[in-house]
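**Student:** Turn these sequences into a full structure, and let the hints guide you.
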Amino acid sequence: MPLLLGSYAPDMMSKWFVYGIHIGGWDLKASDPVQFHRGWPGVGFTHSLLYGVVIAFLFWRVLGSRTWAISFLIGQWAHAITDTGDTVGTMLFFPWTIHIHFGAWAYAGQTGRTTDAAAYFSGPGAVWDLVWIVLGIYSWRVLTRSYFEQHVFTADAFWSKANRFIPVAALLVMYRVAFFYGTSRWIAWSLWAHVVHHYPYDLSWGGPHWVNAAHSPPLTWPQLAGVFGILAGVAAIFFVSRLEFGKRSWAAIRAKLKLA
374 MPLLLGSYAP
384 DMMSKWFVYG
394 IHIGGWDLKA
404 SDPVQFHRGW
414 PGVGFTHSLL
424 YGVVIAFLFW
434 RVLGSRTWAI
444 SFLIGQWAHA
454 ITDTGDTVGT
464 MLFFPWTIHI
474 HFGAWAYAGQ
484 TGRTTDAAAY
494 FSGPGAVWDL
504 VWIVLGIYSW
514 RVLTRSYFEQ
524 HVFTADAFWS
534 KANRFIPVAA
544 LLVMYRVAFF
554 YGTSRWIAWS
564 LWAHVVHHYP
574 YDLSWGGPHW
584 VNAAHSPPLT
594 WPQLAGVFGI
604 LAGVAAIFFV
614 SRLEFGKRSW
624 AAIRAKLKLA
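Residue numbers (my numbering): 374 to 633.
Heads up, some of the hints might be wrong.
[Stated by the list, open to error] Have a look at the derived ranges for each label pair, beta carbon to beta carbon:
id	residue 1	residue 2	range
1	F390	R558	40 to 46 Å
2	E522	I560	26 to 32 Å
3	F390	S519	39 to 45 Å
Bear in mind the hints are in silico, worked out from the structure with no lab data behind them. Just so it is clear, the structure is predicted and the values come from calculations on it, not from any experiment. Even glycine gets a Cβ: it sits at the ideal position worked out from N, Cα and C.
**Tutor:** Here it is, written out as structure tokens:
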């Protein structure tokens with residue numbers, strides 16, 4: 374559940390305002406959807422690594438659950454990193470506001486929900502989603518009741534608490550629904566775009582090129598150096614911490630041997 378929540382978190386409170394809604398005589402929509410969704414000022418910080426760390430820390434310290442903290446972090450980071458694949462990208466290292474983007478598929482959120490969906494499910498983004506669907510089918514055992522009861526139910530206290538009010542069969546449906554929703558969404562939008570409305574496929578890099586995609590400027594050499602500097606710093610911290618942990622572990626083992 375926290376993994377799913379983390380994967381939805383970056384868009385959960387913002388995507389409706391990107392597309393806009395009509396209520397009575399009111400039209401609610403961001404004046405600059407791209408800036409609002411991915412930029413700063415805006416809510417682009419929800420697509421950063423730091424945002425996941427902050428929320429995960431709250432889950433750990435306030436709720437006292439390391440499982441929720443780590444799972445949420447993995448889900449949110451997966452979303453934030455994946456969205457660097459489009460032509461706008463994300464402020465991955467916010468508060469540094471530079472957009473990290475690879476331009477594999479077109480960002481078209483500013484064009485509205487239907488055109489954005491048609492574009493996404495006509496380009497490399499659809500292929501990327503299909504990879505995860507195929508992986509899910511290949512790993513079908515994780516959707517079985519036995520796997521849920523033996524591994525998922527016992528690992529997260531959420532399920533046992535929910536089981537006080539909801540039977541296990543219903544909890545199993547809740548557990549499976551994200552995969553079936555994602556698969557059904559891919560099939561439904563693909564049929565809508567290519568069978569009902571005949572939008573053309575364009576699987577070339579940055580496609581589909583028939584949509585008016587939004588773009589972030591390319592990274593300069595100093596900015597690229599900054600990205601590699603951040604990655605090198607994180608890697609160094611990781612390896613130093615692992616080395617220190619290893620030294621402490623060996624020291625503890627030697628102390629136990631001496632006592633024995």
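**Student:** Does the Cβ pair E522, I560 satisfy 26 to 32 Å?
**Tutor:** Between E522 and I560, where Cβ atoms are some 29 Å apart, the hint holds.
**Student:** Using the beta carbons of F390 and S519, state whether their distance is inside 39 to 45 Å or not.
**Tutor:** 42 Å, holds
**Student:** Holds or violated: the 40 to 46 Å window for the beta-carbon distance between F390 and R558?
**Tutor:** About 21 Å separates the Cβ atoms of F390 and R558, which means 40 to 46 Å is violated.
When held up to the earlier numbered hints, the structure conflicts with hint 1 and nothing else.
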